[in-house]
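Participant: Protein chains in written order, with the working numbering: chain A, 1 to 267; chain B, 268 to 622.
Honestly, the hints are just simulated from the structure, not real lab data.
It should be emphasised that the depicted structure is a prediction, and the values quoted were computed from it without experimental measurement.
Mixed in with the good hints there might be a few duds.
Stated by the list, open to error - Simulated pairs of lysine-lysine, DSS-like, Cα-Cα distance not exceeding 27 Å:
| no. | chain 1 | residue 1 | chain 2 | residue 2 |
| --- | --- | --- | --- | --- |
| 1 | A | K160 | B | K433 |
| 2 | B | K433 | A | K129 |
| 3 | B | K442 | A | K160 |
| 4 | A | K160 | B | K481 |
| 5 | B | K433 | B | K380 |
| 6 | B | K413 | B | K401 |
| 7 | A | K86 | A | K76 |
| 8 | B | K413 | A | K129 |
| 9 | A | K129 | B | K442 |
| 10 | A | K129 | B | K481 |
Here's the letter readout for the chains.
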Amino acid sequence: MWNTLIFRPLLNLLLFLYSVLGRNFGLAVIVFTVLVRLVTLPFTRAQMKSAKASQEMQPKLKELQEKYRDPKDRDKMAQEQMKLYKEYGVNPLGCLLPMLIQMPIWFGLYQAIGTALPQSPVQLVNLAKHVYSSFGFISNVVPSSLIPLNPHFLWLDLGKPDPWLIVPILTAVTMWVQQKMTSPATGDAQAKAMSQSMELTMPFMFAWITYSAASGLGLYFVASNLVGVVQQYFTSGWGSLANVFRRKTGSETADAAKGKGYGRKKR
Amino acid sequence: MKSRNMVVILALGLLSILVSGCASGAVRPSWSSLAVADDILYVGSPSGRVFAVQAASGAEVWRFPAATEKAGKGAFLAQPVLLGSSLYVGSNDNYVYVLDANTGSQQRTVATKGPVVADAVIAEGTLYVGSQDKNLYAYDAATGRKEWEFTTGNWIWGRVAVGGGKVFAGSLDHKVYCVDTTGRKLWEFKADGGIPGGVTLDNGTVYFGAMDNKVYALDAATGAPGWTFSTGNWVWGSPLVVDSVVYVGSLDSTVYALDAATGAERWHLSAGGMVRATPGYSGGLLYVATETGSLHAIDTATGLQKWTQQPGTSILTSPVVSGDSVYVATLDGTVHALDAATGVTRWSANPSSRK
Numbered sequence: 001m002w003n004t005l006i007f008r009p010l011l012n013l014l015l016f017l018y019s020v021l022g023r024n025f026g027l028a029v030i031v032f033t034v035l036v037r038l039v040t041l042p043f044t045r046a047q048m049k050s051a052k053a054s055q056e057m058q059p060k061l062k063e064l065q066e067k068y069r070d071p072k073d074r075d076k077m078a079q080e081q082m083k084l085y086k087e088y089g090v091n092p093l094g095c096l097l098p099m100l101i102q103m104p105i106w107f108g109l110y111q112a113i114g115t116a117l118p119q120s121p122v123q124l125v126n127l128a129k130h131v132y133s134s135f136g137f138i139s140n141v142v143p144s145s146l147i148p149l150n151p152h153f154l155w156l157d158l159g160k161p162d163p164w165l166i167v168p169i170l171t172a173v174t175m176w177v178q179q180k181m182t183s184p185a186t187g188d189a190q191a192k193a194m195s196q197s198m199e200l201t202m203p204f205m206f207a208w209i210t211y212s213a214a215s216g217l218g219l220y221f222v223a224s225n226l227v228g229v230v231q232q233y234f235t236s237g238w239g240s241l242a243n244v245f246r247r248k249t250g251s252e253t254a255d256a257a258k259g260k261g262y263g264r265k266k267r
Numbered sequence: 268m269k270s271r272n273m274v275v276i277l278a279l280g281l282l283s284i285l286v287s288g289c290a291s292g293a294v295r296p297s298w299s300s301l302a303v304a305d306d307i308l309y310v311g312s313p314s315g316r317v318f319a320v321q322a323a324s325g326a327e328v329w330r331f332p333a334a335t336e337k338a339g340k341g342a343f344l345a346q347p348v349l350l351g352s353s354l355y356v357g358s359n360d361n362y363v364y365v366l367d368a369n370t371g372s373q374q375r376t377v378a379t380k381g382p383v384v385a386d387a388v389i390a391e392g393t394l395y396v397g398s399q400d401k402n403l404y405a406y407d408a409a410t411g412r413k414e415w416e417f418t419t420g421n422w423i424w425g426r427v428a429v430g431g432g433k434v435f436a437g438s439l440d441h442k443v444y445c446v447d448t449t450g451r452k453l454w455e456f457k458a459d460g461g462i463p464g465g466v467t468l469d470n471g472t473v474y475f476g477a478m479d480n481k482v483y484a485l486d487a488a489t490g491a492p493g494w495t496f497s498t499g500n501w502v503w504g505s506p507l508v509v510d511s512v513v514y515v516g517s518l519d520s521t522v523y524a525l526d527a528a529t530g531a532e533r534w535h536l537s538a539g540g541m542v543r544a545t546p547g548y549s550g551g552l553l554y555v556a557t558e559t560g561s562l563h564a565i566d567t568a569t570g571l572q573k574w575t576q577q578p579g580t581s582i583l584t585s586p587v588v589s590g591d592s593v594y595v596a597t598l599d600g601t602v603h604a605l606d607a608a609t610g611v612t613r614w615s616a617n618p619s620s621r622k
């Protein structure tokens, strides 16, 4: 089931892209990333809209928190919060869907990169088992003369971890930027602390994954994050990222409270 | 927001475990290798040990490294080669180990710069072996001193052939190279696919299979192409030539018998699973192992199957025949001894799992 629906299609798509993109596996991974981003675009847009609405909702949420500060009013507060979510069209779990959709792709891609770039004879046997000899009316989808693939891209051997740690660092930085752009400016101290902790934990974890895994997977993460940053910018601008730089000038707090600094400047 | 964070953390945790588990796996999956001589079966194992067992019973004679050493070496995929009282076997840790065949003690090592998957070949006192570092090496077999190296464009996984003052090696760079015994290139031939297996030299002709699904025959003197034969998938195992017939398996799950002079097909037999390894041969019977774990005995005169057995789940190693027994190793490291005439199992043992 997993092999038929996820792993084999991903593996053969990667090999097909490699064959049509000048036998460049790095380029194949990048184009593959863009394709994945296009497929998940409807979900991503929904997530971004939800995030933007969530940011716009923050001043009213803060008002509610002020109003129902007494712990006895917790139930009332929850009811009002749900009303607010409804009014702004915010789904608290809406952000999860794109990530959940991408999870099987991450697993499948990790498996596909390891399989496409065999380092031992048994791994090559495994590759032979999963390459499509034909697909519908197309025969010889992946010419076997391509195998073994050229794993080199820039300074990387995409079948092995990056020895210079540049890819793990890029993964962490791009993920942090993307997260900063999407994280809502919340007035709740607990939520804020949680959000800040996630903004650091996730890049660190992905950097560690990239450090341990084939750099081809890291290349996917970096490319995916960069596409995400561009998408996010055109949806809601720099978001909380703008405040990071503004903080240095001392005007961040006031602007955040006024709801400024999230949108892309209209021309 | 909290539930979102929890799901994200759980998913990331799962991904981390998967990635780190796979990435840090020191023991890569590999197959066992077999060789038999003087009633002793030599087994190179994925656990990084070499075992000598009694061919008749499977009882252990010795193991290398000794049982007192907890850690093994790199996986031994290459077939052990016996010369006099020395056993030569390549390892994934970049070395060819030279062991005392009687005791298993290490005599010396020969170093390359990549995993040694290819079987070593010894001819006229010289050890020839290809490496995953893309080089073909020649060493003095007695001392281990390097004589020369010849660089190809990709990994060498197959056994070289030596004869008539020439050395023939296939590389995953799609080429077969012919060099003289000083390492000077005489000719090269480019196929349409990588050459993962060994080359065979017989009667002035070089035979090999490639990942372009073809079997090739070349003139050993000039490299001029003779004939090609197309199968339905990669041809990995070295062709076996017996009495002017070439026997070769393909990953299209078929074994073929071809006329050595013309490449014309004499017969073929569907084996029901990918045939990666070179078939074994003895007394008019061909022994063919498959990736799905079956072993077939085929009458070479008629191409008809005499018996078939299913010793395990996957056999990627060449069967070896000695006396009236045929030996195979399944991917889990278990060695099976079967009656060569009937296929009845005589004993099965996994040397790596013994204490």
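Participant: Are the hints correct? Go through all of them and say.
Facilitator: Results for each hint:
no.: 1; hint: A:K160 to B:K433; verdict: violated (36 Å)
no.: 2; hint: B:K433 to A:K129; verdict: violated (35 Å)
no.: 3; hint: B:K442 to A:K160; verdict: holds (25 Å)
no.: 4; hint: A:K160 to B:K481; verdict: violated (31 Å)
no.: 5; hint: B:K433 to B:K380; verdict: holds (24 Å)
no.: 6; hint: B:K413 to B:K401; verdict: holds (16 Å)
no.: 7; hint: A:K86 to A:K76; verdict: holds (15 Å)
no.: 8; hint: B:K413 to A:K129; verdict: violated (38 Å)
no.: 9; hint: A:K129 to B:K442; verdict: holds (24 Å)
no.: 10; hint: A:K129 to B:K481; verdict: holds (18 Å)
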